[in-house]
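Peer 1: Quick mapping for you: the protein sequence lines, in order, are chains A, B, C and D. Going by the working numbering, the first sequence wraps up at 683, each residue one higher than the last. Going by the working numbering, the second sequence wraps up at 204, each residue one higher than the last. Going by the working numbering, the third sequence wraps up at 437, each residue one higher than the last. Going by the working numbering, the fourth sequence wraps up at 396, each residue one higher than the last.
Just so you know, the hints here were simulated from the structure itself, not pulled from any lab data. Idealized CB from N, CA, C, for every residue including glycine. Incorrect hints may appear among the rest.
Short derived list, chain B residues pointing at chain A, Cβ under 10 Å [as the list claims (entries may be wrong)]: (1) Val123; (2) Phe126; (3) Leu127; (4) Leu128; (5) Arg130; (6) Ile135; (7) Asp197; (8) Leu201.
Derived Cβ-Cβ restraints for the label pairs, each shown as a range [unchecked claim]: (9) C:Ile276 to D:Leu90: 44 to 52 Å; (10) C:Leu412 to D:Val387: 19 to 27 Å; (11) C:Ile276 to D:Phe43: 22 to 30 Å; (12) C:Ala367 to D:Val117: 32 to 40 Å.
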Amino acid sequence: MNDTNLNLWIIPVLPLVGAAINGLFGRRFKNGMVSAVALLFTAASFAYAVWAAIQGTHLGLPHNEALPFPWIVAGNFNAPFGFYLDQLSTVMVLVVTGVGFLIHVYSVGYMAHEGGFYRFFSYLNLFMFFMLTLVLANNYLLMFVGWEGVGLASYLLIGFFFLKDSAADAGKKAFIVNRIGDFGFLLGMFLLIGKFNSLNFDAVFNGLKGVSPEVGWGVLTATALLLMVGATGKSAQVPLYVWLPDAMEGPTPVSALIHAATMVTAGIYMIARSSPIFSRAPHALEIVAFIGCLTAIFAATMGMAQTDIKRVLAYSTVSQLGYMFMACGVAAYSAGIFHLMTHAFFKALLFLGAGSVIHALGGEQDMRRMGGLRTRIPVTFWVMTVATFTIAGFPPLSGFFSKDEILWRAYLNNPVLWLVGVITALLTSFYMFRLWFMTFFGDLRLGEVDIGEDAHKAHAPVQSQHSAAAHGHGDDHGHGGVHESPWIMLAPLVILAILSIVGGWVGIPEALGGSSHFEHFLAPALVTPETLGAVQQAAEGSTELVFAGISVAAALTGFLFAWLLYYKRPELPDRITARIHGIYTMVAHKYYVDEGYSLLLIKPLLALSKYVFWRGVDQQIIDGTVNGAASASRGIGNGLRQMQSGNIRSYAAWVAAGGVAVIAYMIWWGVGR
Amino acid sequence: MVPLSWYLVLSAILFCLGVSAFLLKRNIITIFMAIELMLNGVNLSFVAFANHWHQLSGQVFVFFVMVVAAAEAAVGLAIIIAVFRTRETLNVDRVNLLKL
Amino acid sequence: MLHQVLFIFFGLICVAGAVNLLVQRHPINSALSLVVVMGALSLIYLLLGAEFVAAVQVIVYAGAVMVLFVFVIMLLNAGAEERTRGSRIALWMGGPAVAVLAGLIVYMMFKNQQQFNSVSIGNFVSSPADNTHAVANLLFKDFLLPFEITSVLILIAIMGAVVLARRES
Amino acid sequence: MTAFLIAAVIKIVLVVFLLLTGVAYMTWLERKVVGHIQNRWGPTRVGPFGLLQPLADGVKFILKEDMVPDLAHKGLFVLAPALALTMSLISIAVIPFGEMINVGGTNTALQITGVSLGGGHPTDINIGLLIILGVTSIGVYGVALAGWSSNSKYALLGSLRASAQMISYELALGLSLVGVLILAGSFSLRGIVDSQSDTWLIGSFNTHLPHWYIFPQFVAFFIYLMAAYAETNRIPFDLPEAETELVAGYHTEYSSMKFAMFFMAEYVNMITVGCIATLLFFGGWHGPLFGPPLMQALLPVVWFSAKIFVFMFVYIWIRGTLPRFRYDQLMAFGWKFLLPLAIANIIVTSLIVALGA
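One chain only, chain A, in its complex shape:
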């Protein structure tokens, strides 16, 4: 801890300024001006973040500083505008600003022809601001502000095409589902306040120093679980993942930035940040791990049956987040963060690539209408290839190392988790390569396949129409010819591709001849059961090598299946699906989870709020009270108006009556006696 001031507040505020400028004056700006402003401030933020990170590492982390004025002071509870730079937040800040900047650049090209250009970039900058606030906050409360802020930004951006009902609904869905998680987060914070009377990280964690892990179910476990509920909401874990796939209604860069790279990882970051709490709550950890692996496999299976390219990626995001959750659950926070970083790279790359594809096909999102794009859009093809192999977990790409780390730590913790993880890895590589083959190989089926109406894809044509309309105005490309994207879109793809290739090398575990830099870098910021003195299983390199082999094998198997089904014998899938039709439809319909929710929760809730709260409480009781008050006063006024006849004698009569009353009072009760 040192007292030199890094002015960390500048990092989040820069995008805020950009957002303000664009939001307030952007309407009058030209698109060039708007994008210039947005990029300038984002880049500045990135640059300053880099500088701050270097300074911080030189000065020695963690670096904790607060703005000179208080924010919330209630009694002896004090929440400052404080910023906290340690290894963890350094990584997060760099990822957020870096990837964010790249996606900004990409968006300039992608959104060039959409309406509300300035609105889009204003929202995007706003998101950056809140996200940076989230990761830089030095207390849970400020973190929560960022937490809610990114929720808001995500809502705004999902509903960016607010003329489209499905988009607006998706926005609302995301917002509401997140509310549930936020509720848990809030309760967790209340517990923290109750226990430590402070929400500052250092205060809480110092308060926790020397506390041994809870054996039973105690306050810490409850806190951890509540925080975890928040995390499941934000990071789209079972059972609150349902909002993420629908969030794909937003523009693709948004999906890349918010719903793949950064925001959805906030939950992971929060758990890692709260590692001192979680590591002292073994039961909570178990539950986290369980939820994580459940989400992973669940989403993976669902991903297999999707035909909308972005939805496939959405489900893969969910399942990757499940990985990270699992990592946190087995107290391998560093592995989780590691995977978070690499995932940020390759998932952003995937989304942007998909966006490029969609852009190329003039808004088409259904993979069954794609194919054979390999030659038509080579750059996109190659970067997508890199990304696909990365996520599938082929060495030496980054995805391999991070995922392998997670699986290894999972095995050390509980072999079942490991098994599920491996199966998930297999499925992942399968559906990713399915996407890959369907998109880039074979021949273009644009417009040929007529799609049987699927409930969850009813909106796809709408979006295509919308994007077509958006793309169609005034320029030659559109449905016409499939075309490569402009370089302003491709450049970020290339950079991300390089990152996803090399990004993993910072954390190669010793067993694989590396020196898991990343883990050691993060170690001081995290508290694991080991640091609390739990027994550390002997991890000899050979076994880890074996496990690495197994996961690679899984990836290969997935690749082979995909190759067989979607390249060699494209007719097979239909036969198979025909045979296991029941299962297929169930999977295709995402296990009817949405329907189940709507049946179990939403419909009753709607009914309740409609018939009880709205018609009943609101209209009858509350409105009744208000209107009753109004009408009552009107009635009284009407009554009293009769007194105000303007006739002096009647006034005099009232006066006389009042005098009589007063005199009577004074005679019998008042001073008269």
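Assemble chains B, C and D onto chain A, guided by the hints.
Peer 2: Just chains B, C and D now, with coordinates in the frame of chain A:
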């Protein structure tokens, strides 16, 4: 030897008659007179109590009442004249609107 | 004895005048009956040993204020009042109110009668010479401030009357 | 007790008789004097020097037909003159015109409302002056009602003027007397007169002037005189009965005895005014006394009457001399000149008294 209460009762009767005159008369000037009547009734009780307590303050207060009554009469009659100019009536039942 | 006769006589005149004020329909008759009431009252003041008040009552009230009333009545040439039914409240609430009021006051008087001593002519010896000196002392020494204030009030009233009654042209 | 009552009755009869006779011959005197002022003879036919003229007038008044206009307010039409005369006559009741006289062993004060409670000194009502003021102010009603009840525009205008004028000048009148009251320190007329008995001393030097309040209060006196003329509706303030404009003012519609009542009331008021002026400013009945006891007892009455006669003569003199005011001039004079002057006089007087004391 007259008990003081006789005087007081007389003043009460005068006052009540004044009140009822105020309530029942239509002519605004008469209503003013009713007010004067009430004041006189009160004055009588003042003087009676002054006699009872052997305190002249009561009589002094009567002077103040008279002064106020005179002032009120002057202003009130001026108002009556103004009202009569605008409405051509002295009947308070016809002077019950704010607008002309 | 004489005192009682005088009191009853003038008291009856008072009440008769007041009732006449109530029943007469022409304002000038009401005004004159009020003058009668005031004259009788001044005599009752004399019975109560307040000569100065009595004189002032006649001069100010009967001689000035009521003349002003009569003057205005003549000026506006007010006719007999018309029996309009402007306000039922005045009748149905005011009437009982007045009755109750009278009842209450009389009740109070007779309830506390024993606390009152009785009045007899000349028993009110305010000062050896006459009560004018005493009143003057009180008025110009103890009650100087209220006196001045009332003079200001009168001044304001005069100005107000002038302003109100002036025919704007 | 009986003696007291008898004496009282005698006094009342005597005074009223003398008063009315005085009134009657006032008219004669007025006509004579004005006639001579205007270079005429005045009444000469009836009796020597027309001395019986008042009787003839009286008979004429009584015998004339008593007319009441159809549209007149009957009750008030009758009430008005009676009220006027009564009030003017009442005010004479409190006026002392001498010390006291011993008739048949009983002392009676030469004053209707005066009593001699033993000792050499009679006492009278301690608010006599106020009573006079009050009664005269009540007299206003006579004029006002007369004009209003006779339901004629001239009469109404006349009575409006009269009442307005009376109210206005009543203030000046009352205030002009305050100066004297301050010096005398009493409302009792007898007390006031007694306080004028001896002579003025300046320091220790005895100026042989009588101790009359005219000397310190001459301003008040003139104010009083003018105000009184206005109160009695005499020239130059006789606008209520301005023949040239209003026929005869408030008594236009009156005839015969009712008119006579107004007439008498006016002259009685004039006499009352003279009395008050005499009592307040000219030492009442004080004058040189000589001769036998009875004569010494009656001489003051003579002095008193003489002083009053002077005032009456002045009345007539002014009537013969001055023109009539215009109405606005009248009001302006009353409000803007007399009233402030009276107040100033009060202030000065009270200052002197306060500093002297």
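Peer 1: Now look at each hint and say whether the structure bears it out.
Peer 2: Status of the hints after comparison with the structure:
| no. | hint | in the structure |
| --- | --- | --- |
| 1 | Val123 | holds, 6 Å |
| 2 | Phe126 | holds, 5 Å |
| 3 | Leu127 | holds, 6 Å |
| 4 | Leu128 | holds, 8 Å |
| 5 | Arg130 | holds, 8 Å |
| 6 | Ile135 | holds, 7 Å |
| 7 | Asp197 | holds, 6 Å |
| 8 | Leu201 | holds, 6 Å |
| 9 | C:Ile276 to D:Leu90: 44 to 52 Å | holds, 51 Å |
| 10 | C:Leu412 to D:Val387: 19 to 27 Å | holds, 21 Å |
| 11 | C:Ile276 to D:Phe43: 22 to 30 Å | holds, 25 Å |
| 12 | C:Ala367 to D:Val117: 32 to 40 Å | holds, 37 Å |
Violated hints: none; the structure is consistent with every hint.
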